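Position chain B relative to chain A; hints supplied.
Sequences listed follow chains A and B, in order.
Here numbering that gives the first Met the number 0 is used: the first residue of the first sequence is 0, the next is one more, and so on.
Here numbering that gives the first Met the number 0 is used: the first residue of the second sequence is 0, the next is one more, and so on.
Be aware that a few hints might be false.
[To be verified] Partner residues are not named here, just some residues of chain A that face chain B (Cβ under 7 Å, in silico):
| hint | residue |
| --- | --- |
| 1 | 41 |
| 2 | 42 |
| 3 | 137 |
| 4 | 140 |
| 5 | 142 |
| 6 | 143 |
[Unchecked claim] If you anchor each label on the Cβ, the simulated ranges turn out as follows:
| hint | chain 1 | residue 1 | chain 2 | residue 2 | range |
| --- | --- | --- | --- | --- | --- |
| 7 | A | 133 | B | 1 | 15 to 25 Å |
| 8 | A | 95 | B | 11 | 12 to 22 Å |
| 9 | A | 23 | B | 17 | 25 to 35 Å |
| 10 | B | 55 | A | 103 | 47 to 57 Å |
| 11 | A | 28 | B | 57 | 48 to 58 Å |
| 12 | A | 112 | B | 45 | 49 to 59 Å |
| 13 | B | 21 | A | 103 | 48 to 58 Å |
| 14 | A | 54 | B | 14 | 41 to 51 Å |
| 15 | B | 60 | A | 78 | 17 to 27 Å |
| 16 | B | 45 | A | 103 | 51 to 61 Å |
Hints in this document: simulated from the structure, not taken from any laboratory.
Predicted, not measured: the structure shown is a model, and the values here were computed from it.
Note that beta-carbon positions come from the ideal geometry of N, C-alpha and C, so glycine has one too.
These are the residues of each chain, in order.
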Amino acid sequence: MSKQTHLTLNQRNKMNTASLAKWTLFWMLSLAFVSFGPNLLWEGNIILSVIAVVINLAVGLMMILANKRHLQGLDEMQQRLQLNAMAITLGATLIVGLAYSSLDNSALIPFTADISHLVIFMGLTYFFTTLFMHKQLGCGEEGE
Amino acid sequence: MKNRLKVLRAERNYTQAKLAELLDVSRQTINAIEKGKFDPSLPLAFKAARLFNLKIEDIFEDEEY
Chain A
0 MSKQTHLTLN QRNKMNTASL AKWTLFWMLS LAFVSFGPNL LWEGNIILSV IAVVINLAVG
60 LMMILANKRH LQGLDEMQQR LQLNAMAITL GATLIVGLAY SSLDNSALIP FTADISHLVI
120 FMGLTYFFTT LFMHKQLGCG EEGE
Chain B
0 MKNRLKVLRA ERNYTQAKLA ELLDVSRQTI NAIEKGKFDP SLPLAFKAAR LFNLKIEDIF
60 EDEEY
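For reference, chain A alone in the conformation it holds in the complex (with noise of 0.2 Å):
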C-alpha cells in the first residue's frame, strides 16, 4: 500500500477494485480451461491438465493478493464491514458446509453435495451479509 499512499481513498479502491476485478476473470477464465479442457479442447492430455491446473493455481494467488491489496485499501469502517461479512460468511458456510456433507452421506437429500452448491451459498452469504451490514451503518444515506 506504501506506493498508494500518494492516492486519495476513491482513486485508490477504484484502481484496487479494478485489479481484483481483473484478476477473477482470469481466473475464472484459467478455471474454465480446467474445467473444459480436458475434455473439449486437449482430450485428456495429462501434461496439458497439469499446466493448466499450475496456471490456474498461480492466478488464483494472484487474485488472492488483489484482493488483499483491495482490502487493505479501504479505509476503517469499510474494513471492518468487510471483515464482519467474511467472519459470518466462513461459519456460515463451515457449519452449513459440513451439515450439507451429513445429509449426504446419510442419503437425506436426493441428490450429490457438491462444492458449487457451497460456492454459491458462500457467495449470496457474503453478500446478503454486505448489504445488511451497509444498511445497518447507513452507508446508503444521502450525503450532506
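Frame of chain A; chain B shown alone:
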C-alpha cells in the same frame, strides 16, 4: 461514543464528502461516525483532532462518563 463532528464540520462549511477527503475516509464513514453508528480508531480520531486544531476529548466524548 458521542461526538461533535457534525457541528465542527458545519462551522467550517465542510460537506461530509469534503471532510471525508481531508481525513482520507469514505463519506459513508463520516456519516456513520456523526450518527454514532461507528466509533473511529485512535489514529483517525487524532487526525480529526489535528484537522480541527482541537484535542480528541473536545471532539469525542465517552458516553459512560
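Unsatisfied constraints (hint numbers, rising): Structure breaks hints 1, 2 and 8.
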